[in-house]
Amino acid sequence: MSPEPRPPSRSTSRDLERYAGLFASRTRVMKSSAMRDIMAVTARPEVISLAGGLPDTSSFPPETFAAVTARIAEQACAKALQYGPTEGLPETKECIAEVMAAEGMRVDRDDMIVTAGGQQVIDLVTKTLIDPGDVIVAEGPTYPGAVPVFHAYQADVVQIDMDAEGMRVDLLEETLDRLERDGRRPKFIYTVPSFQNPAGVTMSLPRRKRLVQVAAERELLVLEDNPYGLLRYEGEAPEPLYALDGGVYVMYLGTFSKILSPGIRLGWVVAPPPVLEKINLGKQEADLCSSTLSQLMVQAYFEIADWRGYVRSLTDIYRARRDAMLAALADHFPPQAEWTRPGGGLFIWATLPDFIDTDDLLVRALRDNVAFVPGSGAYLDGRGHNSMRLNFSGSGEEGIREGVRRIGEAIREQLELYGTLTGELEAVRVEPDEADAGQADRDAGGRVVELRRREGRPRRAGGA
Amino acid sequence: MSRVAVLKGGRSLERQVSLRSGARVQDALDRLGHDVVPIDVGVDLIQRLRAEAPEVCFVALHGRDGEDGTVQELLEILDLPYTGSGVPACARAMDKVLTKHMLVEAGIPTPEFFAFTQMAFRELGAAETLPAIEQRLDFPIVVKPSSQGSALGIKFARSAGDVPAALVSAFSYDARVLLERYVKGRDLAVSVLDGDAGPRALPVVEAVPREEDFYDFEARYEIGRTEFVCPAELPEGVAEHAAELALATYDLLGLHGFGRVDLMLDAAAELYVLEANPIPGLTDTSLLPMAAEAADIDFDDLIGRILELALARGPRV
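Protein chains in written order, with this note's numbering: chain A, 18 to 481; chain B, 188 to 504.
Since the hints were derived computationally from the structure, they do not count as laboratory data.
Wrong hints could be hidden among the right ones.
Stated by the list, open to error - Between beta-carbon pairs, the in silico distance windows are: (1) A:E355 to B:G382: 30 to 40 Å; (2) B:L265 to A:N386: 26 to 36 Å; (3) B:K371 to A:D194: 35 to 45 Å; (4) A:E256 to B:K371: 52 to 62 Å; (5) B:A499 to A:Q171: 48 to 58 Å; (6) B:D222 to A:G280: 37 to 47 Å; (7) A:P149 to B:F326: 37 to 47 Å; (8) A:P149 to B:K371: 48 to 58 Å; (9) B:P275 to A:R53: 47 to 57 Å; (10) B:P422 to A:G150: 52 to 62 Å; (11) A:R53 to B:E420: 54 to 64 Å; (12) B:M306 to A:E256: 34 to 44 Å.
Only a predicted model underlies this, so the values are computations on that prediction, with no experimental measurement involved.
Ideal placement from N, C-alpha and C gives every residue a C-beta, glycine not left out.
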């Protein structure tokens with residue numbers, strides 16, 4: 018023991034009670050800490066992760082990066098190191114206008130604010146519009162990263178089902194009617210219309226037109242989140258909501274994360290001037306301005322490199338990876354599984370029979386060193402438990418094939434077990450001399466019968 | 188003063204919790220004047236231990252590898268003293284099925300249960316016994332993996348239709364699962380700390396969920412989700428009885444140093460032992476430190492005492 022009095026030990030349970038009493042109710046997280054802990058395990062190096070949403074930054078030419086930084090050092094060193102205007106640098110806004118023009122949108126430079134990635138736009142828009150208890154209408158499933166933001170502002174999120182043409186606008190209208198009858202008016206509709214995260218589907222042009230109409234009729238704002246629009250691997254792009262509406266009710270979220278780099282942390286929001294003014298105040302409160310250095314890097318990059326060419330090279334890489342994943346799914350997922358076939362973006366959404374809980378399946382899959390995102394994180398209402406999001410941009414084709422194969426094996430094992438448990442599949446007869454149990458598994462895989470839909474589901478320990 | 192390696196992290200699903208336990212243990216050992224070497228347990232564990240040459244290891248791991256005796260076995264091979272229970276006790280306590288069989292044999296009350304391996308369903312047609320089991324245990328039935336340390340993978344089956352899916356989920360965590368009679372009641376935990384006069388039960392902690400009706404993994408580690416009352420306000424004699432059962436369980440499994448026994452108290456004031464944890468959490472929100480505090484043992488004293496017990500026991504258990 019040291020002779021000097023030692024500092025008191027910290028964090029006694031009394032202290033914790035004291036802190037707990039000080040926490041704002043919005044700090045109550047939705048996603049269970051158990052799931053967060055499990056997701057932390059997915060980051061182990063030996064794990065093939067189909068869980069992230071990472072662009073392939075390894076294809077970015079280092080010499081371009083060097084040229085960009087050298088140019089800033091030579092021409093704009095002091096400026097790059099200085100604060101900038103809250104709404105962003107005019108030269109960066111020119112680049113943004115160029116990107117939006119590539120998707121058929123014309124935008125006034127004064128109607129946009131440069132932000133710290135698209136995620137900040139979701140935060141700022143929600144902060145600007147939502148009081149506790151206000152309604153946000155979103156797709157079901159919705160972008161898992163938006164869920165904690167909506168939750169932090171204590172929004173009541175109502176999710177609208179999707180099909181192959183995106184958000185079911187008929188259901189949206191029904192829902193809006195119901196909310197109106199209940200005396201509740203949603204503040205905004207949040208949508209990722211192109212290559213949706215996580216579902217991978219794209220809203221059709223008729224739906225887009227109707228959505229814009231509905232918003233105008235009911236005087237509702239729409240937040241169009243469009244990170245993936247330029248990552249199109251086939252077909253013609255339907256017009257963005259922003260172009261259809263002309264920026265009256267549609268707010269637009271763009272980002273450089275998927276077309277240039279997520280590390281550069283730059284996105285933007287376009288909104289009607291009165292809304293933008295409030296968002297600007299929120300931005301000022303949050304961080305004064307986005308990184309000047311990053312903004313100048315975008316400008317330099319757009320001047321010295323062919324940004325469209327880089328996006329084309331990315332789409333070539335991702336198209337091949339998407340095709341590899343679709344082929345692997347067809348080879349390795351059982352016939353009871355369904356999945357989306359995205360024409361672009363980064364994600365495929367797969368749905369399994371409802372007795373498989375993908376939270377638990379992830380734990381099983383991690384034993385085989387493969388990870389995905391369980392569907393429950395894309396819903397705020399307890400749905401999604403038999404779905405999963407699979408990312409194809411962050412792994413090479415070989416990793417994708419092997420990862421999907423392993424997940425398929427785990428699913429097959431669970432289907433087989435369920436069949437055995439319900440008596441719909443006879444217990445496997447193992448020949449005494451058949452030492453290879455793995456072979457028995459594979460033999461049994463072919464005998465899985467069509468499974469009945471089970472009514473109700475076991476309550477999750479801990480509740481939804 | 189000793190050179191102490193704090194083993195934390197690892198590959199288990201409770202990795203994050205273990206990192207929090209470990210960090211807190213490091214701080215305490217630091218304050219006690221020890222030379223602390225933190226080790227995130229991975230493929231280089233043996234190399235690290237050989238290079239760092241600690242005098243003793245503080246095992247702050249939870250779940251697979253750390254709590255099931257695997258790491259303890261390695262430490263014995265390296266002749267390193269370590270905190271907490273030895274290999275056989277860890278192996279017994281991490282196996283809920285084995286623990287419950289031992290409890291039943293020793294006459295310690297535990298909820299009625301049936302255990303199955305995935306093989307039994309696959310190759311022995313065990314599914315045909317489910318209706319009889321369901322009748323015997325009555326709904327709701329708790330379905331849980333045998334070895335998962337936390338509440339991960341535990342499901343309630345409210346009717347026969349729920350059982351197959353609940354089993355599929357539980358088998359995601361372990362090749363062996365158990366179906367257990369649900370005991371409705373109050374959730375109690377008795378921590379045990381060894382001392383000169385033998386193991387001593389610390390004041391009972393009661394976990395009172397604030398919202399959910401099941402005390403789950405989530406609430407267990409999230410500040411503000413569950414209210415913990417220590418010492419629990421219990422009918423006369425119950426705390427004493429809970430302490431007796433906890434000590435009997437601790438002895439039965441051969442635990443050493445410290446541990447925690449989880450119990451349920453039903454409406455008829457009957458107590459049932461659910462499980463024993465050879466390395467209970469040592470985080471800010473964990474129950475053992477809370478119970479120790481209620482017995483006027485602050486966190487540093489607790490950690491210091493656990494370390495002394497390890498040094499006194501020596502390298503081979």
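Results for each hint:
no.	hint	result
1	A:E355 to B:G382: 30 to 40 Å	60 Å, violated
2	B:L265 to A:N386: 26 to 36 Å	27 Å, holds
3	B:K371 to A:D194: 35 to 45 Å	42 Å, holds
4	A:E256 to B:K371: 52 to 62 Å	58 Å, holds
5	B:A499 to A:Q171: 48 to 58 Å	53 Å, holds
6	B:D222 to A:G280: 37 to 47 Å	39 Å, holds
7	A:P149 to B:F326: 37 to 47 Å	38 Å, holds
8	A:P149 to B:K371: 48 to 58 Å	34 Å, violated
9	B:P275 to A:R53: 47 to 57 Å	34 Å, violated
10	B:P422 to A:G150: 52 to 62 Å	42 Å, violated
11	A:R53 to B:E420: 54 to 64 Å	33 Å, violated
12	B:M306 to A:E256: 34 to 44 Å	57 Å, violated
Going through the hint list in order, the structure does not satisfy hints 1, 8, 9, 10, 11, 12.
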